[in-house]
Structure formats: structure tokens, C-alpha cells
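Chemist: Sequence:
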Amino acid sequence: MISSSIPLISIYFVFGLCALASSRNHLLVKKSLHANNPNHLNATLHSQQSNPSNQIDCAVHKIRGVNCGGWFLSEPFINPSLYNTGNPKIVDEYTFCKYLGKEEALKRLTKHWDTFYTLDDFVRIKSYGLNHIRIGIGFWAFSITKGEPYVQGQLKYLKRAVDWAKQTGLKVIITIHGAPGSQNGNDNSGQRGHIGWPDSPSNLARTKSVLAQLTNEFSQPIYAGVVTNIEALNEPAGYDSKTLSLTKKYYQEGYQIVRNPRPGVKSNLFYTISDAFLPLKDWSNFFPSSSYQQVALDTHRYSIFTPVGVRMNDRDRIQSYCNMIKGLKASQEKIMTFVGEFSPVSTDCTPMINGLGRGARYDGTFGGGPKLGSCQGKSGKASSFTKEYKDLLARLFSVQTRVYENSCGWIMWTFKTENADEWSYDAGVKNGWIPKDAATHMYPNPC
Numbered sequence: 116m117i118s119s120s121i122p123l124i125s126i127y128f129v130f131g132l133c134a135l136a137s138s139r140n141h142l143l144v145k146k147s148l149h150a151n152n153p154n155h156l157n158a159t160l161h162s163q164q165s166n167p168s169n170q171i172d173c174a175v176h177k178i179r180g181v182n183c184g185g186w187f188l189s190e191p192f193i194n195p196s197l198y199n200t201g202n203p204k205i206v207d208e209y210t211f212c213k214y215l216g217k218e219e220a221l222k223r224l225t226k227h228w229d230t231f232y233t234l235d236d237f238v239r240i241k242s243y244g245l246n247h248i249r250i251g252i253g254f255w256a257f258s259i260t261k262g263e264p265y266v267q268g269q270l271k272y273l274k275r276a277v278d279w280a281k282q283t284g285l286k287v288i289i290t291i292h293g294a295p296g297s298q299n300g301n302d303n304s305g306q307r308g309h310i311g312w313p314d315s316p317s318n319l320a321r322t323k324s325v326l327a328q329l330t331n332e333f334s335q336p337i338y339a340g341v342v343t344n345i346e347a348l349n350e351p352a353g354y355d356s357k358t359l360s361l362t363k364k365y366y367q368e369g370y371q372i373v374r375n376p377r378p379g380v381k382s383n384l385f386y387t388i389s390d391a392f393l394p395l396k397d398w399s400n401f402f403p404s405s406s407y408q409q410v411a412l413d414t415h416r417y418s419i420f421t422p423v424g425v426r427m428n429d430r431d432r433i434q435s436y437c438n439m440i441k442g443l444k445a446s447q448e449k450i451m452t453f454v455g456e457f458s459p460v461s462t463d464c465t466p467m468i469n470g471l472g473r474g475a476r477y478d479g480t481f482g483g484g485p486k487l488g489s490c491q492g493k494s495g496k497a498s499s500f501t502k503e504y505k506d507l508l509a510r511l512f513s514v515q516t517r518v519y520e521n522s523c524g525w526i527m528w529t530f531k532t533e534n535a536d537e538w539s540y541d542a543g544v545k546n547g548w549i550p551k552d553a554a555t556h557m558y559p560n561p562c
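The letter at position 75 of the sequence shown is residue 190 when you use our numbering, and the numbering goes up by one with no holes.
Just so you know, these hints were derived from the structure itself, not from any lab. It is possible that some hints are incorrect.
Heads up, simulated DSS-like pairs for lysine-lysine below, C-alpha to C-alpha not over 27 angstroms straight-line [what the hints assert, rightly or not]:
#1 Lys502 <-> Lys545
#2 Lys271 <-> Lys226
#3 Lys364 <-> Lys396
#4 Lys364 <-> Lys217
Computed beta-carbon distance windows for the label pairs [unchecked claim]:
#5 Gly484 <-> Thr555: 36 to 42 angstroms
#6 Phe392 <-> Glu533: 23 to 29 angstroms
#7 Gly201 <-> Ser317: 31 to 37 angstroms
#8 Val175 <-> Ser404: 18 to 24 angstroms
#9 Gly484 <-> Gly216: 34 to 40 angstroms
#10 Lys222 <-> Gly262: 20 to 26 angstroms
#11 Lys551 <-> Lys261: 46 to 52 angstroms
#12 Ser196 <-> Gly216: 15 to 21 angstroms
#13 Pro394 <-> Gly216: 40 to 46 angstroms
#14 Gly472 <-> Glu368: 35 to 41 angstroms
#15 Ser405 <-> Ser196: 49 to 55 angstroms
#16 Pro561 <-> Phe392: 22 to 28 angstroms
#17 Ser315 <-> Gly216: 45 to 51 angstroms
#18 Pro403 <-> Ser499: 46 to 52 angstroms
Glycine residues also receive a C-beta, built at the ideal position from the N, C-alpha and C atoms.
Assemble the whole structure, with the sequences as input and the hints as a guide.
Modeler: Structure follows, in C-alpha cells:
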């Protein structure tokens, strides 16, 4: 917005099976791409295959992408049907596995991993003029210790997703979305509540092990030009002093893991770090370019998760986005910077966006603040949205993408949801508040 390790030989074997299975669809994919936009899409696909480089020229080619949220780390607001269990104790993936039991949790999650995204989704993403997808995964896909209720099996589907990206000419950023103990206490880390990542030294070691396993797999030549970035950790709580201290230590040690994965081997991957909710300038010299190469900074921009933000009127909200231009430009001059999450929404009215069982700041049912308005008509299926609301979503999407291209680019959260169309890029295109071509804008620049 977010047992023992699996042997690498098993990882390679599973990928081989995925590649063989997906190759049967390769000609069909190319035909489908051709039908959408033959010149743009097939030319890009040819370039992707003939020049498998991870180099990014931000001045020429902006990152324009979507997150595949709620896939390998489920979130109640994206996947409400998964969390319709009848058990009020189930609020995140940790409690989902704990209270359903491993056998039932694995059964339900395996079906979810297999069906929530399809090859057709990737074809459609490409047809919208997008060039990147960002995919999060929890640490437990690689390692589960005694007492942790999580289930495994995600890697098979992650590698299938990367293969789909290769077929369709999309680039992939993979992020560790959940760390042991939780790096932020939000359900998008897998475990809501306490920020427990700094509580045990073993949590750092385990997170580094996951980073190493991701790098060892996706730095292989077969992924060159497809997987471009490995992101060390999604949204660590930099506002907590213990978490910030551990985050900085991890970031420093993680650089060598991603950039130099094996003795004598330098990877072509970008090492990506989250801004941890700190000002961009705090990271501008953390990895000086004289000593570090291929480092990127991911910043997430939401204006609805604080009392001040949710109170803003439309004019002030748009101005707040315009005010980001200077900081983004300054950061981009120091370190490759991109906005890895944002949304056109202007309220926190989406059910479960603040967590399952919680209300919204906007209507006064969460956070203890005053009621600012009704949530009626601000979330759900697009067919229930007024023209005025769709126009607002369009204006907020347009201004943000313009502003964020003062950095290396943007990746919206998220491509699709079950019921919250206001958060869905796909629904936005289909219902007219997001342009069919990501490189275009529906409104003039308000900044």
C-alpha cells in the first residue's frame, strides 16, 4: 500500500516446469498483444527479448506500472471473500492461517494464488501502455520457524508471474512485503498489531536470508531484462526509532547481498529501498553514487491515512501533490527515485482499508475524530459512482501521474480488487477515470 528454507534445486525445477507449461501459450500471448496494439506492443516485446538489460534511463523512459496487490500476501480490503470466514479473530494472513489451520489455509490460499491473477491480466496491463509490475511476497514463502502458522507454496506462482511478464514484455519489481515479526504492524505485512521485527536479532538474519534467496533466483540470466529490482522491504516503520535503526543496518548489509550475490558475481539487479515514511532528503546521501551503483528509492504517497490528510478539500489535496515536485526532482538528482504506491482515492471509506473490523476516519467510525461526511457512494463497484466522483478520481489520478514523473516514474496501488473499484487501475480504465494509454493525461497540468 503490504521449517527450513526451500532448496534452490527445487526452485530451479519448479521454474522449469512453469516455463514449459507457459511456453504453450506464447504464440497466443503474442497474438493477443498484436490484437491490442500491434506496433507499440510487439516492438516493445521484441526490444525486451533482444536487449535484456536492467538499465533504466529515467529521462527517456518513465516507469509506469501497477502493483499486483493482495496476491502473494493477501489483504482484506483487496480480497474480502478470502476473509469472509465468520471468525472475527481472522484479520490478516497470520491469523488466517492460525485459526483455519494449515491444511485449510493452504487449500484456500493455493486456489487464490492460482486464480487471482491470470495471463490475460498481464496482457491487459501491457495493452494499457504500462511497463512495470510490482509484486510483494512475505518472508514465510522462504522460511517458517516453529510457532509460525503461515503456509508455503507461493514461489511456484511468483515464478509463473515472472514468466508471464517475460511473455508480455513487462518488467518486474519484487519486494519483501512482510518481515518476521512485522516491520510496520499493518495487515499488509502479514501480521497486524505489534511491530515485532526489531525484537529479535534472528529477524534481521532471516530477512537477509530471504533477500539472498530472492537475489540468487532472480539474478540468473534467464530473468535478465524482466526482473529489474529487488526491494529490500516494504514500508518499514521509520517513525519507530528501533525499527528505523534496524532498517538502516539492514539496508547497508542488504546492498552487498543484492549487488554481489555470489563470489565474483555482480548482479544486474537494482537494489531498492523504501523511504520508511521519512522525507526523501534523509536518504539522498545514504548510498553515495561514488561508492554504490544501481540503487533506487521507493516512496509511497497517500493522503488519506492521517486526520489532516483525510480532512483536505479537493483543491488543497491537488496542491499538496503539486508541492511534491521540488522534493522528487531533488531526490532524483541524487538517487533513482520512483513512487511505488499511490491511489486516486480521497477518503479512507473503502471497507477494511484501515483493517478488518475497523471503520473510516472520514465518517468518524475510526480514529476517534469527528465525522467529516458520509462514505455512501465513495467505495464499491464503479456502477454506483456518480459522474462527479469519477471526475474527481480522474483529476486526482492525472495530477499525481504528472507530478510523479518528475521522478523516475510511478506504480499505482493496485491493478485490481474484488469490490473496491476506486482502488483498481483496471476498473479505472474500464470506467473512464484512467486513460487507456498510460502515457496520456485526461486533464491539463494543474501545477
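Chemist: Identify every previously stated hint that the structure contradicts and give their numbers, smallest first.
Modeler: 4 and 17
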